[in-house]
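**Q** Using the supplied hints, reconstruct the complex from the two chains, each of which is provided in its own coordinate frame.
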Amino acid sequence: MEERKYSKSVIVLFLLLVFGFTAVTFVWPERSFSENENRVLASAPEFTWKKLFEGKFMSEYETYITDQFFLRDEWIQLKTMTELALNKQDINGVYIGKDGYLIERHEDSEIDMEMLQKSMDYLVQFIERYTKRLGADHVKVMLVPTASEVLLEKLPPFAEGFDQNGMIDSIYGRLPEGTAIDVRDVLKEHAEEYIYYKTDHHWTTLGAFYAYQAYAEAMGFEVPALEDVTFEEVSDEFLGTVFSKLNLELSKDSMHTITLPNTPTDIKMTVDMAETFDSLYNDEYLSQKDKYSYYLDGNHALAEISSNSDGKGTLLIIKDSYSHCFAPMTLGEYEKVYLVDFRYFNMPLSQFIAQYRVTDILVLYNAVTFATDTHTGAFLR
Amino acid sequence: MVFSSIMFLFRYLPVVLLLYFIAPKKLRNTILFIASLIFYAWGEPVYVVIMLFSTLVDFTHGLAVYKFKQKGEMGKAKLMVVSSMITNLALLGFFKYADFIIGNLNLIPGVEIPLLNLALPIGISFYTFQTMSYTVDIYRGDALPQKNIISFGAYVALFPQLIAGPIVQYNTVAEQLEGRKETLDDFATGVMRFMTGLGKKVLLANNIGLLWDMISARGIGEVPVLMAWLGITAYAFQIYFDFSGYSDMAIGLGRMMGFHFLENFDYPYISRSITEFWRRWHMSLGSWFRSYVYIPLGGNRKGFKMQIRNIAIVWLLTGIWHGASWNFLLWGAYFGIFLILEKLLWLDFLKKHRIFSHVYTLFLVWIGWAIFAFDDMGRVVQYLKAMFGLSGAGFVNGETLYLLLSYAVMLIVLILAATPYPGQWVRKLFNRMENNSLGRTGSTVLQLAFVAVVFIISTAYLVDATYNPFLYFRF
Chain A
2 MEERKYSKSV IVLFLLLVFG FTAVTFVWPE RSFSENENRV LASAPEFTWK
52 KLFEGKFMSE YETYITDQFF LRDEWIQLKT MTELALNKQD INGVYIGKDG
102 YLIERHEDSE IDMEMLQKSM DYLVQFIERY TKRLGADHVK VMLVPTASEV
152 LLEKLPPFAE GFDQNGMIDS IYGRLPEGTA IDVRDVLKEH AEEYIYYKTD
202 HHWTTLGAFY AYQAYAEAMG FEVPALEDVT FEEVSDEFLG TVFSKLNLEL
252 SKDSMHTITL PNTPTDIKMT VDMAETFDSL YNDEYLSQKD KYSYYLDGNH
302 ALAEISSNSD GKGTLLIIKD SYSHCFAPMT LGEYEKVYLV DFRYFNMPLS
352 QFIAQYRVTD ILVLYNAVTF ATDTHTGAFL R
Chain B
812 MVFSSIMFLF RYLPVVLLLY FIAPKKLRNT ILFIASLIFY AWGEPVYVVI
862 MLFSTLVDFT HGLAVYKFKQ KGEMGKAKLM VVSSMITNLA LLGFFKYADF
912 IIGNLNLIPG VEIPLLNLAL PIGISFYTFQ TMSYTVDIYR GDALPQKNII
962 SFGAYVALFP QLIAGPIVQY NTVAEQLEGR KETLDDFATG VMRFMTGLGK
1012 KVLLANNIGL LWDMISARGI GEVPVLMAWL GITAYAFQIY FDFSGYSDMA
1062 IGLGRMMGFH FLENFDYPYI SRSITEFWRR WHMSLGSWFR SYVYIPLGGN
1112 RKGFKMQIRN IAIVWLLTGI WHGASWNFLL WGAYFGIFLI LEKLLWLDFL
1162 KKHRIFSHVY TLFLVWIGWA IFAFDDMGRV VQYLKAMFGL SGAGFVNGET
1212 LYLLLSYAVM LIVLILAATP YPGQWVRKLF NRMENNSLGR TGSTVLQLAF
1262 VAVVFIISTA YLVDATYNPF LYFRF
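If you read the protein sequences in the order shown, they are chains A and B. The numbering of the first sequence is my numbering, which starts it at 2 and goes up by one. The numbering of the second sequence is my numbering, which starts it at 812 and goes up by one.
No lab work stands behind these hints, which were simulated from the structure alone. Nothing here was measured: the structure is a model prediction, and the numbers come from that model. Don't take each hint at face value.
[Unchecked claim] Simulated pairs of lysine-lysine, DSSO-like, Cα-Cα distance not exceeding 27 Å:
| no. | chain 1 | residue 1 | chain 2 | residue 2 |
| --- | --- | --- | --- | --- |
| 1 | B | K836 | A | K6 |
| 2 | B | K836 | A | K9 |
| 3 | A | K6 | B | K992 |
| 4 | A | K313 | A | K269 |
| 5 | A | K9 | B | K837 |
| 6 | B | K992 | B | K837 |
| 7 | B | K992 | A | K9 |
| 8 | A | K119 | A | K133 |
| 9 | B | K889 | B | K958 |
| 10 | A | K133 | A | K313 |
| 11 | A | K9 | B | K1239 |
| 12 | B | K880 | B | K958 |
| 13 | B | K889 | B | K878 |
| 14 | B | K1113 | B | K889 |
| 15 | A | K292 | A | K99 |
| 16 | A | K292 | A | K269 |
| 17 | B | K1239 | A | K6 |
| 18 | B | K958 | B | K887 |
[What the hints assert, rightly or not] Negatives, chain A to chain B, calculated, CB over 12 Å:
| no. | residue |
| --- | --- |
| 19 | P177 |
| 20 | H191 |
| 21 | E194 |
| 22 | E250 |
| 23 | T258 |
The beta-carbon is built from N, C-alpha and C at its ideal position, and this holds for glycine as well.
Bound-form chain B, shown alone (with noise of 0.2 Å):
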């Protein structure tokens, strides 16, 4: 099931909300547990087996970790942890990973293995993620074991972060499993954050979104230069705004019920550098790979070599875990590169240049949308050839700017609300309002006039919903 849908918020929202909080606190990690599992077989009626399987392995690893290392048997501990981990990868490789390797290997001559045509379990990324993070955790002492599998499937399947992240490290909701406490402006904190997300995934992103399909769509020859960058540009903002609004509902989702995730966009297209870049996107997946690879590894700490080896291999895996293809693995090589080259060049002339900062930012994340976008490398290539005017359709025709015109007005909301200014000015606003008790009353109407009428437009989108895409089954 997806938020943004009739669905969810019309069916099974009102309905867990109503269980989860009539349920005595004993039973609500239990409905909790259900409720997700129901979430996700909604989708995938059978996969859902796959993901119980994941979590009772995690389950009964992280507590024989834990005995091990009670014991002080550190070597055997190890070994559970091997044996978590080569699980959770063999899932990931198998259902993801094995077309693709099988796909290449056909490729060399006299080579012809069939391939197994699965589909992609929904989140499978991101739960085994989560669930072997927890393993981990428990042999680094970071967390204790979850002697309860309710609250453990809880912690694996919770709805909110189910399919599409954020990616939730067990060592920061470990306490919040039992001791949570749901309150008032939690929920009502919680709500506003819902329906922000909802907003950018349904209005803005979603919208923005038929401007790319109806330009990717076109023949490379009919793309001018201008229209290939409006292109990628509506790209940029339909990705960011869908998944940084999935985030949003799924934090919001988890504040109604008493849950803290940590944060996983901050405004990542006003960096001033790719290094900046990518601690402002995705946070949760940059952080479990800094944690889980980069600094076992050895991080930086073992000599510039190594630390020039340790972000090549979290790099090509980040690439590789957006996608089982080339393009990912081309993407996470090339935002690599240039975090090195960062590093070793230019990350002190980028901090001085403060325009420049921004487009050079900006420049490289368009290009590396280009080769996210397709997973075909012909077409990447296609499209990059468009983008710098080699694909001899002139520089703009008046196709370009009718969609320009047509779009003008969205792109500059879209521009806006990538910043962080319209937050700053309202806040702002309502900071010299709530003065006097006149002006606080004003600020919280305007406040849920905002997202009164959010919501109202968003559920006129999905009742007319001809256009709603899922943008992560491929992670």
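Excised from the complex, chain A in its bound form (with noise of 0.2 Å):
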């Protein structure tokens, strides 16, 4: 009797558990897009014999039912929240820092080191050709490490990886005298301030503005004193790509416009050569989830920007998103500011420099995209 009662209480579970989220799984809405993924989620597979006798249709079909499984975003919490619970000290190749910071973790693996040698020969020579045409004044490079080699304090013990310092390092070293602008230290003194996000992969515009301090000094610039620069909240509830590496939220992230004394106030953007804003920012992204983008408009193969300002000269950055927070405080010393992201950038460059009457050149990269980018050829073209 006993027994029979424990079967039939296993079975009801069985059943609910089996059966229960079989038919849920059936009348469950399907989404065609995941937000927290980014990414598009598998429809239902077209069913063709071909595609049945190579096995095709099958796999297509376990991909969509995975992908369109009830609650799907929540399950893949849960799974963060095990991971947690196991004491893992990265998920998802996400280091699960002190003080709510998510810290990317960046592992030899990632990096074919073929292709950084090659980027680095790439970079060395081109800043050498225009450190020659231009000046080694005009001509800077600036490699910044993310936040898993500056926020080693919020680091779970012995996390280490790719050894960034060693490759800028090595960099640095091979560069013309007096381009290489470094500003590891200086991260590193600010540490215990709001200079990375906590959920994405960026620096924050305060990080980005004590990087400008050190390229204004190099640069002979006036260097702006953090009391004479104002910061403006935008938004308070980022939540970053490194949050959607994991789906967990333990904490959220404010975003930062910034203003310095030199500051132009009649700003004129060009994205791509055709869409025209009268401002750095677009406001659109802070209502969704790439919230980032609203600095410059997000990455576009080329920005153009004007203004009002005093500045002589006409700066390119050549760049990734980094830059983005950063390029606004260059404004005050430039006629125009162009940017130039290899990643989606077809334009020989020495045709663009010419034609553009480049003055000056900034190339800035965080760390790990340099070693990863495989567009560097560019440099030379």
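**A** Pasting the structure below:
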């Protein structure tokens, strides 16, 4: 009798879990896009006999039901919580740092060392060439370490990864005198401050500001003091790319714009020679998931910024998205600022530099993007 | 199809169970047969034909063997057994070993035979072994031939144990094929067993597998001694919980439908000798080789020399059964040698020294896994070098400590789960609780809560399935 009761309750549980969940999967509404994972979810595969015999139909169908499984985001969250409970120090390549910091873990295996070697050669040749043409005072390189190399106090014990410092050292050692801007010590000095986002792989506007101070000093510009600049918070609910890898909200970020004493007021920004804004910022993104694209309207092949600045000359920033909160600070010193992103940029760079009468060049990347970039051949085109 | 997938849990299983249990008893084997073919074809839509061929061959051979035997024509009966074995071994040889043999022949100067590059049909090593056991069992009089091809097909293709075992010998399920009874108690026991297996595979094996993949992918100069041992420990746990989890799921599913399969694993890592280890690890394979190779060769009955020869044959075959490459052969030979040495020299010594025997066994098994894990002998050697400090990467580094810290909780769980103790403690606790009716309810609730949590978290891991390998594609 007791056996019976036990068996029956096991079977009821089984029916609930297996048959119950199955029933829910059939009535649950489908989604075409996952904001959290930032990808299109699979939809029902089309049946053909060919796909059946190749086994393709089956694998597509499995992807489809897994992608469309009810409460998908919540299941993924449950997995992440389990990993946290198991005291895993990193989940999906993200360190669970102190004070709510989620910090990307970069491993040597992610880096194609041969490609990196080539990238280094391209960069060095490019800088050598333009140092001769424009002068060493006008050509600078700034490689910014990511949070895992700066916020050491926030990392779990013994965490180490791809040696960004070593890479920066070896590049800086080969660059012509005076062209390298080393912001590592500056950032480390301020490691206790809010210089990297907790949920995103970018530095904050404050972090970029400290780097700008170093840049201004190297360029011989007036170096703004922290007291002289104004930060304005534009969002306090930013959940960035690192959050998306985890899909578990441990903290939120706030985003700021910065105004220097010499920041011009009348600004025109044209992206990809097509769309023109009268601001550096696109408010539309603040209500979306991808809030970082608020700065300079996100990634474009080319952005052209002109303003009523008192500055002289034309600055070309060859960059990744770390520059998006940095570039606004340079406007007071230049008539025009161009930003070029090799991932999307097709025009030969030498032609661009000549045609747009570039007087100053800044190469600005975070160390990991540079190490993994496969488009660096563009430096020499 | 694999059990640990959304597809199996929330499409295949509910549909098959529903059809199976609403069908009248007479039709259940038919449903099982068709369902099993779909299960197989889902992953191998073309190779299912090979399995059907093997089924047909042994069905007819079985009948023939029986007929000749009844007529007293033992020579012809024997011929039929041989014919069945040749067919099955030819299939296995062609699909599994041809490229290995060709590859090695090509090492001879002047020989250049093109490789076949055939994908290995999943489960072929399991079902060919099963069908061979059938004709032999009939020949020996251990079983009567199955008259119904559907029932026989259901036996061969039986989806619970089709692709990763256990290897079910025909004589152990012959009666159940026709006369099994599905009961509530069996179904419930099966459910609990299946859920446990699912958790072992998805939560334990897959998780620690990540650690092994991370370490084994590193360049050998970057693996200090401690990391190498951590890595191989991760692999040892991955393969044990994966394989035994799969067997648990198979046994559980079988039980739900009234089958009683034999056990396949019995806490192998608590063994105190290699001899004991192989009585606890993949038991269905061991007993298959004992019944159909070792004993027919004469076992230990023909003198000591012959026994050593027989052990050597069995262990080379056991090794190569696991995959067509030299490392598996070496792995089998390695264990064969230690089994012989134990028999000859130190089994008694091990029995007397408790702690030493545990360390000795785990040490040898762990070295064995390093041989097993890479089908490239060069990498086997490199990894062994790293384990013994010959890789030049020192004893320990920051990364090792980081990984150790990151997986510390997991490793403790794995160590406990690899021993019978947690199960014993829980059973003791429940027995004490079940003295009164409140306690009985409590114990039921706890057990149900446990499997529900395991199932739900497993589902979460399967929904976000970035890592869910199938380890037996080489078997």
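**Q** K992 (chain B) and K9 (chain A): Cα distance at most 27 Å?
**A** This hinted pair holds, its Cα atoms lying about 17 Å apart.
**Q** Is the hinted pair K133 (chain A) and K313 (chain A) satisfied, with a Cα-Cα distance of at most 27 Å?
**A** Status holds; Cα separation ~20 Å.
**Q** Is K9 (chain A) close enough to K837 (chain B), meaning Cα to Cα at most 27 Å?
**A** Holds - the C-alpha atoms of K837 (chain B) and K9 (chain A) are around 25 Å apart, at most 27 Å.
**Q** Starting from K1239 (chain B), check that the Cα of K6 (chain A) is at most 27 Å away, please.
**A** 20 Å, holds
**Q** Hey, does H191 (chain A) actually stay past 12 Å from chain B on C-beta?
**A** 25 Å, holds
**Q** Are the Cα atoms of K889 (chain B) and K958 (chain B) separated by 27 Å or less?
**A** 20 Å, holds
**Q** Would you mind confirming whether the straight-line C-alpha gap from K9 (chain A) to K1239 (chain B) stays at or under 27 Å?
**A** 23 Å, holds
**Q** Taking 27 Å as the top limit, are the C-alpha atoms of K313 (chain A) and K269 (chain A) close enough?
**A** Between K313 (chain A) and K269 (chain A) the Cα gap is close to 17 Å, so the pair holds against 27 Å.
**Q** Keeping to a limit of 27 Å between CA atoms, is the pair of K1113 (chain B) and K889 (chain B) held or broken?
**A** Roughly 22 Å between the alpha carbons, so the hint for K1113 (chain B) and K889 (chain B) holds.
**Q** Regarding the pair K292 (chain A) and K269 (chain A), is the alpha-carbon distance no greater than 27 Å?
**A** Answer holds: K292 (chain A) to K269 (chain A) is near 21 Å, not above 27 Å.
**Q** Would the non-interface assignment of E250 (chain A) survive a Cβ cutoff of 12 Å against chain B?
**A** Since the minimum Cβ distance to chain B is about 16 Å, E250 (chain A) lies beyond 12 Å and the statement holds.
**Q** Is it true that the CA of K880 (chain B) sits at most 27 Å from the CA of K958 (chain B)?
**A** Holds, at about 16 Å.
Checked against the numbered hints given earlier, this structure breaks none of them.
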